[in-house]
Every structure is written in structure tokens, then in C-alpha cells.
Amino acid sequence: GIQVEQSPPDLILQEGANSTLRCNFSDSVNNLQWFHQNPWGQLINLFYIPSGTKQNGRLSATTVATERYSLLYISSSQTTDSGVYFCAVGLGGTSYGKLTFGQGTILTVHP
Amino acid sequence: DAGVTQSPTHLIKTRGQQVTLRCSPKSGHDTVSWYQQALGQGPQFIFQYYEEEERQRGNFPDRFSGHQFPNYSSELNVNALLLGDSALYLCASSLIGRNYGYTFGSGTRLTVV
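Sequence lines, in order, name chains R and V. Take the first sequence: its letter number 56 is residue 56 in the numbering used here, and every next letter is one higher. Take the second sequence: its letter number 92 is residue 1092 in the numbering used here, and every next letter is one higher.
Here chain V stands alone, though its shape is the one from the complex (with noise of 0.2 angstroms):
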């Protein structure tokens, strides 16, 4: 059984270029949340999608943007990249009414120089 699977694994990107990153969830669950890891510290939440919506989101600008196809899989879109967006990107998935059984993958880290 397949867990969480993201890509790219590492990601150099320029200040003020795009970046998507990609997220397939584990068999079985049908919500994905995005994390933003900063060097040293606990993950932050970015939002979270449930049926192809954004259902929460956390203290992110609007740069920060996401979407979930109907196969459950999601994409992170970040614009006009800063060099503050350097960051260890994780995505979690789950079966929406569950507190428990998430699944990280291994996220993606993107450098932007």
C-alpha cells in the first residue's frame, strides 16, 4: 500500500519565479493538507482540500495556492517566489471525520536563491 507520495524532492527556483509542487495521498484517504517546514522548526499548516476545495487555510498570503483533482491527488502553487518561501514542503493526507491515521510524505524542499 502506497503512503504519501510528493515531487519533486528538491527544487531550486529564482526570486519572483512560480513553483507547483505535487502530492498523491495514500490509498484510501480522501483529504490533503500542505505543510511549510522553515529550517529548525515545527510544521506550519498552509491548507488543507476536501473535495477539490480549500477547506481551511492558515496565516498564508494569497501567493500560497492550491487544487485537488477528483482523483484525490493535489497540487501546491506558490507565485512571486521570496527567499523567505525556502522551506521544507510537506504534504499530509487522511480520511476526512478521522483525527487520526495521517500520513506525511517526505515533502519536497525547495531553495530559492
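Next comes chain R alone, as it looks inside the complex (with noise of 0.2 angstroms):
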């Protein structure tokens, strides 16, 4: 099956730094998600990114499917960016709908 990999495990920032988060794909895909997973395990969903560039306040995205990798940008960060981070990926065909998850990054940003 696909293989998601997640770059830095682990990431220990001060208020106000920037950073980027890293995922890296084995294969094709149609679909790809960034997500947060917030101290109470819900997911929040920040991007749906298969290719290409988006933004959304503080964070950023980036996707080169033809490279298999995508990136997470948050500028300024806050101690309530704090939580786990999630690149998932997805196929088409008879494996639509079904989400493979990267392992994760942990973002702890200290005030």
C-alpha cells in the first residue's frame, strides 16, 4: 500500500517562529489533506491540497504531486497551534474514500 511519511517527528517552537512540516507520498494520489488534531483527538481538517498552493490566514500549503511531496507553512505561531499535525492521502479507483495517514508531527509551541 501507499507509504506517508512526516518530517520533523517532533518540533519545539517559541511564539512567533515559523516552521514548516514536510510529507512525503509513495505513489499517485488524488487526494491529499493536511489536518490538526487538537488535545481532545478531534481532527480538524486545514487543507484538502492535491496539488498546488493554498493559504489560509497564518498557514500555507504546498503540493508538487509530480515530486510526491507536500508542505505545511505556519508563520507567527501561537501556543494554540500546539497539537499533533497530519498529512493523509487518498486514491482513486476501488480505494476512493479511504485516507492514509502519515504518522504525524508534534508541534509544542512554548509562549
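None of these hints come from the bench; they were simulated from the model. Honestly, I wouldn't trust all of these hints.
[Stated by the list, open to error] Here are the in silico distance ranges between beta carbons for each label pair:
(1) ASN1059(V) with SER75(R): 32 to 40 angstroms
(2) PRO9(R) with LEU1083(V): 22 to 30 angstroms
(3) ASP1030(V) with GLN78(R): 44 to 52 angstroms
[As the list claims (entries may be wrong)] Chain V regions said to be covered by chain R (calculated; three or more residues, Cβ under 8 angstroms):
(4) 1038-1048
(5) 1052-1062
(6) 1090-1101
(7) 1105-1113
[Stated by the list, open to error] Examples of chain R residues lying across from chain V (beta carbon under 8 angstroms, computed):
(8) ASN45
(9) TYR48
(10) LYS98
Just so you know, these numbers come straight off a predicted model, no measurement behind them. Just so you know, even glycine gets a beta-carbon here, dropped at the ideal spot from N, CA and C.
Hints in hand, dock the two standalone chains.
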């Protein structure tokens, strides 16, 4: 099956710093999403980005599908950004709808 | 607009017992998927239901079964519980044919003792 690798596994920042999270995947995908898991366990969808670049406030994401990677940028980080960030990918065809998640990046932002 | 609702939030069961977890999808969604998230890991796909049928299944044994009702809500059943079944169980709803708009619930934390 498809492999999803995220880096770094852990990231510790001071409030106000910028960061880049990376997601590599092993096969062509038609679905790529970034999620933030809050301390209560809920996965919040940040971006649906199978290709191209999107921005939402302090967060932006870029996916280069031909090179099989995606980047999530967090600028001017805040303590509320702390949590686990997951990249999840999906294939088309008979695997439509199934998401394969990476192991996540644990982000800790200190005041 | 209510999001995805899961119940119960926490559950403690004994090895060998059976458990049923419940999920109500977001209003307007017709597809429900279940994921298992072990501590420190990413969620793993269990199965997906659409039109009251299991459409896809991940690498989980037959002890894991499910059901979808006409109102699109869903249940996850696990028989003969093992200690390794302890995890956060997440339900996601979506609209068939759309890759975007996945909405997850807060999950049910199952502890098997």
C-alpha cells in the first residue's frame, strides 16, 4: 500500500516563530489533506490540497504532486497551534474514500 | 449545523467482551468511515459505509464489523476484545464523490483491561 512519511516527528518552537512540516508519499494520489489534531482528539481539516498552493491566514500549504511531497507552513506560531499535524492521502479507483495517514508531527509552541 | 457526533466518549471493557460504538454524520453527508488510532500513531482506516453497505475495508480482522442505518448513522462493533484494541476510534463523514469536506468526530477512547 501507499506509504506516507512526515517530518520532523517533533518540533518545539517559541511563539512567533515560523515552521515547515513535510509529507512525502510513495504513489500518485488524487487526495491529500492536512489535519490538526487538538488535545481532545478531534481532527480538524486544514487543507484539501492534492496539488498547488493554498493559504488560510497564517497557514499555507503546497503540494508538488509530480515529486510526491507536500509542505505545510505555519507562520507567526501561537500556543494554540500546538498539537499533532497529520498528512493524509487517498488514491482513486477502488480505494476511493480511504485515507492513509502519516505518523504525524508533534508541534509544541512555548509562550 | 451539527458536526460528527460519536458516543460514548470513553469506554472501559474487559478482554473477550464485545463493544458497540456509534456515529452520527454531519448533516448532508451520506458516507461514514471508521478509523483506529493507537497511542502515538496516525489513524488507520477500518472500513467505509455508503448506502448501508461496506464499500471498502482496511487490514482489520472480521472481529471488526459495522452497520449503516437509513439515516446515515453508523455503528462499529468489535467482538472478542483484545488488549491491543485499546485505541481512539474516530468516525469521519463525507459526501460520496467528493474528496474534500471530510469531517471527523472527537472519537471514542476505548480501553480494554
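| said: Under the constraints set out in the numbered hints, which ones does this structure not fulfil? | reply: 3
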